[in-house]
Amino acid sequence: MVQFAQQVINGMSLGSIYALVALGYTMVYGIIKLINFAHGEMYMIGAFLSFYLITTFKLPFFLALLISMVLTALLGFVIERIAYKPLRNATRIAALITAIGVSFLLQYSTMFLVGADIKVFPEGFTNRTFNLLGVGISLKQILIFSVTAVLMVALNTLVNKSKIGRSMRAVSADKEAAALMGIDVDRTIAITFALGAALAAAAGSLVGMYYNTISPLMGVTPGLKAFVAAVFGGIGHIKGAMLGGFAIGLIETLVVGVGYSLMKDALVFFVLIVVLIVKPSGLLGKGGREKV
Amino acid sequence: MEILRVENLSRVFGGIVAVADASLSIHEGQFVGIIGPNGAGKTTLFNCITGMYGLSNGNVSLKVDDKFVSIGNLSPSKIARYGIARTFQNIRLFQEMTVLDNIKVAMYHQYPYGVLASFLRVGIFSRNEAMIHQRALQWLEEVGLVEKKDSLASQLSYGDQRRCEIARALATNAKMLFLDEPAAGMNEQETKNLTDFIRYIHIKYGLTIVLIEHDMKLVMSLCDHIVVLDRGICIAQGSPKDIQRNPAVIAAYLGEEVDEHVSH
Chain D
409 MVQFAQQVIN GMSLGSIYAL VALGYTMVYG IIKLINFAHG EMYMIGAFLS FYLITTFKLP
469 FFLALLISMV LTALLGFVIE RIAYKPLRNA TRIAALITAI GVSFLLQYST MFLVGADIKV
529 FPEGFTNRTF NLLGVGISLK QILIFSVTAV LMVALNTLVN KSKIGRSMRA VSADKEAAAL
589 MGIDVDRTIA ITFALGAALA AAAGSLVGMY YNTISPLMGV TPGLKAFVAA VFGGIGHIKG
649 AMLGGFAIGL IETLVVGVGY SLMKDALVFF VLIVVLIVKP SGLLGKGGRE KV
Chain L
6 MEILRVENLS RVFGGIVAVA DASLSIHEGQ FVGIIGPNGA GKTTLFNCIT GMYGLSNGNV
66 SLKVDDKFVS IGNLSPSKIA RYGIARTFQN IRLFQEMTVL DNIKVAMYHQ YPYGVLASFL
126 RVGIFSRNEA MIHQRALQWL EEVGLVEKKD SLASQLSYGD QRRCEIARAL ATNAKMLFLD
186 EPAAGMNEQE TKNLTDFIRY IHIKYGLTIV LIEHDMKLVM SLCDHIVVLD RGICIAQGSP
246 KDIQRNPAVI AAYLGEEVDE HVSH
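Residue numbers (this note's numbering), protein chains in the order written: chain D, 409 to 700; chain L, 6 to 269.
I should point out that these hints are in silico values taken from the structure, not numbers from a laboratory. Bear in mind that the values here come from a model prediction, so they are computed numbers and not experimental data. All C-beta atoms in this analysis are idealised placements derived from N, C-alpha and C, irrespective of residue type, glycine included. Some clues are possibly wrong.
What the hints assert, rightly or not - Label-pair ranges, simulated between beta-carbon atoms:
id: 1; chain 1: D; residue 1: R496; chain 2: L; residue 2: E33; range: 33 to 39 Å
id: 2; chain 1: D; residue 1: A502; chain 2: L; residue 2: N62; range: 25 to 31 Å
id: 3; chain 1: D; residue 1: D673; chain 2: L; residue 2: S80; range: 43 to 49 Å
Unchecked claim - Over 12 Å on every C-beta distance to chain L, these chain D residues come out as not near it, computed from the model:
id: 4; residue: F412
id: 5; residue: R489
id: 6; residue: T499
id: 7; residue: F533
id: 8; residue: G544
id: 9; residue: A557
id: 10; residue: Y618
id: 11; residue: T621
id: 12; residue: L632
id: 13; residue: A674
Whole structure, please, built from the sequences with the hints as guidance.
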């Protein structure tokens, strides 16, 4: 039982990371129906920015996290303007292939700039483990939970209660009608990319801090799994991405806990397949076929 | 006083001419009806004026601060900011948002503040939000939907959705309102209520209204100027009386009596 609870804690901290990344996938999909395959690279670049801010500029972890989020958001904004905006009226497949291209471009540009080797993320602070009824929870895990919680609450407030959030929902519902109500649709879309990128950067920085290693290809697998999490929860739904992220993190950790660590990735995708067979629109997705 | 000028506007789709060389002049405070058989190009004309379609030829200019500005190839959001708003033949509210949020979305361009301010929830943000909230409630009061402010738009009855859509268009602070078949799908009582309501906002806000409608009774009772389109061509313009007697108009309606109900 204690061991199970331990795995749940570990699973939730991994799930937090997936959830943060999944939010970006789901928001971008919600607004322009694009699976942004370059999103995992925002996570990787966020981690590298934090790394250099901490090592070269000697900033404390939180400040580095914040600056890295802002810079990655800007990058997300710029990438949208350069790579996706010109394709707004092109076929969806064109934008999708562009996303794959952007993903490779960012991976290998990073590799070119900083080298392909794994970098050791500095220990910003001494890690401690607290004992709760036999279940260990580390300071790092508490940090992951709190940063994730703060970001999710902030995002939720932003989406539901603010100008940009309402504009995002309006644009995602009906771009033309939104434009005719005076909403700057292109700007709203670019800001959505920026927000998603900032969340991914936070996730990347947290992972760097948690596992202590980062590399230019670190975004590939978590990016893919976060995508699974977004689809699992119902892509286009913000709460679905959160739920999906935690679910995927938990499944993965529990599978490893039972001793089938080689099977963890296979099982994640197996669960996805089952969910999609039973409920094609994902856990929180609305039924009904998508209009094409 | 002229407010909108459409000069030789054409819109071609592939080989099909949807609107051909249409010219019209709309005056401030006028209530203009655009009529014509199905496929005459009425909605295309609306789409061209509101920026949803580019123009194949011609120009549209709008009076902004006593000067005429060409809006022919501006984006829909810029045109909306100049004070043109519209509703749609098939209601296009943001269905999954509340009635209140639908109105608020239309007001934001009048209160610019950035993303950063929304994050920090600082002074200007909360002041603006409070102002927008108050103003949005006033609009809902005006259209009689204030009790339903927290319902999702999709939960409203058809008639209420129509009112909500008009309120959303008004909330953009429009001086010109384009209504595309507002009475479509309504029964006689609903149509009458809607007619009264449109007449009320026309007078109260001194709006210039352009209306597409098949219900001739509604058109004749509301409009003081009528434009008749047929197969993309503007075949007649004038007062309701002139239009009813115009032989070209009667012919376009294939001999149907224009002053009676024309159904399509």
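Now the hints, each set against the structure:
no.	hint	result
1	D:R496 / L:E33: 33 to 39 Å	holds, 36 Å
2	D:A502 / L:N62: 25 to 31 Å	holds, 30 Å
3	D:D673 / L:S80: 43 to 49 Å	holds, 45 Å
4	F412	holds, 38 Å
5	R489	holds, 15 Å
6	T499	holds, 19 Å
7	F533	holds, 26 Å
8	G544	holds, 35 Å
9	A557	holds, 16 Å
10	Y618	holds, 25 Å
11	T621	holds, 31 Å
12	L632	holds, 29 Å
13	A674	holds, 36 Å
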